[in-house]
Amino acid sequence: MSMWVSDIQRAKTPMRFLLATSRPYLMFAVWATFASATASFIETFSSYIFKKIVDSIALGPEAGISHAWWWVSIYLIFFLLLPLFLWRFSGFMGMRWAVGIRASATYALTAYVTKHSSDYFQKRFAGAIGGKVGNTAAALKTLIEKYLWSYLIVFVTLITTVLLAFNANTLIGWLFLSWLAIGGPLNFFMARKRVPMSATAQREDTRVRAQVIDLLTNVSAMHDFARRAFELKGMKETIFTRYQAGIRNWTWGELARVASNVLQVIFVGGIVLTAVHAWSIGSITPGDIVLILTLVGGLGYRMEELGRDINDFAEHYGEVREGLEDILDPYDIEDIKGAKSLALEEGTIDFKDVSFIYGEGNKAVLDSLSLFIPAGQKVGLVGKSGAGKSTLVKLLMRHYDLQSGEVTIDGQNIASVSQESLREAISVVPQEPLLFHRTIRENITYGKLDASDAEIRRAAELAQAHEFIKHLPHGYDTLVGERGVKLSGGERQRITLARALLKNSKVLLLDEATSSLDSESESAIQEALHVLMENKTVIAIAHRLSTLREMDRIIVLEEGQIIEDGSHDELLKKGGVYADFWSHQSGGYLQDE
Numbered sequence: 013m014s015m016w017v018s019d020i021q022r023a024k025t026p027m028r029f030l031l032a033t034s035r036p037y038l039m040f041a042v043w044a045t046f047a048s049a050t051a052s053f054i055e056t057f058s059s060y061i062f063k064k065i066v067d068s069i070a071l072g073p074e075a076g077i078s079h080a081w082w083w084v085s086i087y088l089i090f091f092l093l094l095p096l097f098l099w100r101f102s103g104f105m106g107m108r109w110a111v112g113i114r115a116s117a118t119y120a121l122t123a124y125v126t127k128h129s130s131d132y133f134q135k136r137f138a139g140a141i142g143g144k145v146g147n148t149a150a151a152l153k154t155l156i157e158k159y160l161w162s163y164l165i166v167f168v169t170l171i172t173t174v175l176l177a178f179n180a181n182t183l184i185g186w187l188f189l190s191w192l193a194i195g196g197p198l199n200f201f202m203a204r205k206r207v208p209m210s211a212t213a214q215r216e217d218t219r220v221r222a223q224v225i226d227l228l229t230n231v232s233a234m235h236d237f238a239r240r241a242f243e244l245k246g247m248k249e250t251i252f253t254r255y256q257a258g259i260r261n262w263t264w265g266e267l268a269r270v271a272s273n274v275l276q277v278i279f280v281g282g283i284v285l286t287a288v289h290a291w292s293i294g295s296i297t298p299g300d301i302v303l304i305l306t307l308v309g310g311l312g313y314r315m316e317e318l319g320r321d322i323n324d325f326a327e328h329y330g331e332v333r334e335g336l337e338d339i340l341d342p343y344d345i346e347d348i349k350g351a352k353s354l355a356l357e358e359g360t361i362d363f364k365d366v367s368f369i370y371g372e373g374n375k376a377v378l379d380s381l382s383l384f385i386p387a388g389q390k391v392g393l394v395g396k397s398g399a400g401k402s403t404l405v406k407l408l409m410r411h412y413d414l415q416s417g418e419v420t421i422d423g424q425n426i427a428s429v430s431q432e433s434l435r436e437a438i439s440v441v442p443q444e445p446l447l448f449h450r451t452i453r454e455n456i457t458y459g460k461l462d463a464s465d466a467e468i469r470r471a472a473e474l475a476q477a478h479e480f481i482k483h484l485p486h487g488y489d490t491l492v493g494e495r496g497v498k499l500s501g502g503e504r505q506r507i508t509l510a511r512a513l514l515k516n517s518k519v520l521l522l523d524e525a526t527s528s529l530d531s532e533s534e535s536a537i538q539e540a541l542h543v544l545m546e547n548k549t550v551i552a553i554a555h556r557l558s559t560l561r562e563m564d565r566i567i568v569l570e571e572g573q574i575i576e577d578g579s580h581d582e583l584l585k586k587g588g589v590y591a592d593f594w595s596h597q598s599g600g601y602l603q604d605e
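When the letters of the sequence shown are read in order and numbered with the working numbering, they come out as residues 13 to 605.
All the pointers check out, no bait thrown in.
In silico DSS-like pairs for lysine-lysine, Cα to Cα no more than 27 Å straight-line:
1. 406 / 548
2. 135 / 406
3. 406 / 515
4. 127 / 460
5. 548 / 515
Simulated restraints on C-beta separations:
6. 479 / 425: 35 to 45 Å
7. 31 / 130: 26 to 36 Å
8. 384 / 483: 43 to 53 Å
9. 197 / 493: 50 to 60 Å
10. 134 / 364: 21 to 31 Å
11. 103 / 234: 46 to 56 Å
Everything labelled a hint here was simulated from the structure, so no lab data went into it.
Cβ atoms here follow ideal geometry from the backbone N, Cα and C, with glycine treated the same way.
Put together the whole structure using the sequences plus the hints.
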């Protein structure tokens with residue numbers, strides 16, 4: 013599947029993306045196309061066999077019976093049984109292609125979107141992104157199915173019909189061709205006009221799904237604040253906008269069908285009248301009449317189907333285009349060409365004259381900040397909200413790129429090493445415990461994928477998590493629920509600590525949770541943190557007083573600059589901003605807001 017991912021950046025349009033993701037299934041695509049096209053040709057050409065049968069019968073019982081049986085035999089063998097075989101063969105081959113392309117597209121889009129920066133996901137609903145991945149892949153599968161068993165059939169049928177019509181009568185052939193020459197471009201024009209409408213409808217559909225997911229995710233808050241009526245009002249407005257977009261899209265599709273039906277009435281009437289006149293003057297045989305009437309009925313159906321299919325194509329194409337435009341956004345942060353892996357030996361960190369701004373025109377979050385952290389030093393970051401604490405940590409993880417300056421680890425600029433190797437070398441304990449809807453074992457082993465059961469248990473014991481885990485119904489194989497909802501806040505935090513302990517990187521980034529915990533959880537987590545921070549370079553956004561006491565050094569940030577730097581005791585004696593924070597402590601937490 014790496015081929016799909018490597019090609020995906022060049023596949024910005026739906027057709028290029030379809031070709032890129034179809035590559036592993038090329039043989040299935042070729043055979044399915046051949047079988048479907050051949051079956052369509054044979055079925056349409058069967059009208060000519062009917063002509064021959066009728067003309068043979070018209071010769072009379074004695075002269076025509078042998079010819080009639082000959083053509084009937086040919087029809088049964090080649091025009092009835094063979095197409096049935098070809099359709100089934102097309103079905104087997106085509107579904108391999110269609111189902112395969114859905115799988116490859118889902119994987120490729122997921123692989124691409126997961127390389128986006130944190131900023132990309134902060135601006136979008138996770139549910140909406142997931143929906144676009146699924147919908148885009150499903151729409152591609154539908155396009156393949158439509159191509160094989162609709163668009164291709166219509167195309168082959170129309171070409172064969174015109175050729176047979178010319179064979180019967182030149183004037184009638186020109187009437188058939190004129191019908192195609194006018195109806196085809198008209199349907200295509202109407203479909204092109206509908207593509208942006210379909211894309212708009214899909215965007216609004218994504219908004220509706222995202223809003224529903226957001227509401228259901230926060231349904232407890234809705235109930236707590238008695239805001240159900242407020243939320244439903246907002247949902248109604250969003251749904252009405254989607255309704256209007258859908259009506260515009262559907263109306264244009266119906267107008268296209270009306271135009272196609274008008275053409276059908278005009279040309280079918282003209283062809284039938286011309287055929288009857290030609291027969292009356294002896295220009296065509298009774299068999300030709302049967303052929304022409306059969307072709308007219310088939311072409312009328314196919315032209316109507318063509319209009320419907322082009323409209324469907326516009327809708328599915330618009331859905332794919334809208335999905336690709338959002339998902340295949342260029343990456344904000346990319347590895348440089350030939351980026352090497354980070355060689356972490358000691359864990360020395362150096363921020364050199366770092367400046368960073370969130371978006372153009374905003375105030376600098378960090379302004380020419382320099383901070384050197386020797387290997388093994390534990391540094392606590394303190395400051396008011398918006399001072400730049402979290403930004404400093406995110407820059408070290410390279411979730412954002414700098415406007416100026418550089419960040420190095422063991423003398424290596426993090427912008428010149430691969431993002432994967434950088435993040436693999438750092439353990440992170442986030443403020444909000446992030447757990448997958450998987451088992452406790454799987455969540456802990458996220459820190460070390462090949463960890464043994466003994467290593468998992470040891471990490472859980474050090475994180476003070478083993479005791480509560482062993483009392484769960486399925487122990488380490490207990491599912492934690494979406495985002496770990498089946499566990500308490502303290503239990504979730506201890507699982508993330510066990511994960512970090514198992515990873516055991518030389519550099520640890522810690523963003524302590526400020527939520528209040530029961531005394532038992534507080535004590536267990538503090539003990540686990542003490543074990544976790546041993547022999548590591550630590551940068552902690554510290555809120556617990558007990559954690560701050562363990563720091564070798566406290567950095568006080570204000571408006572993106574370092575205003576105080578020293579040990580806990582030194583800064584207390586100094587009587588500055590840190591001492592003021594400390595004096596306003598509450599419940600064991602630093603009140604830095």
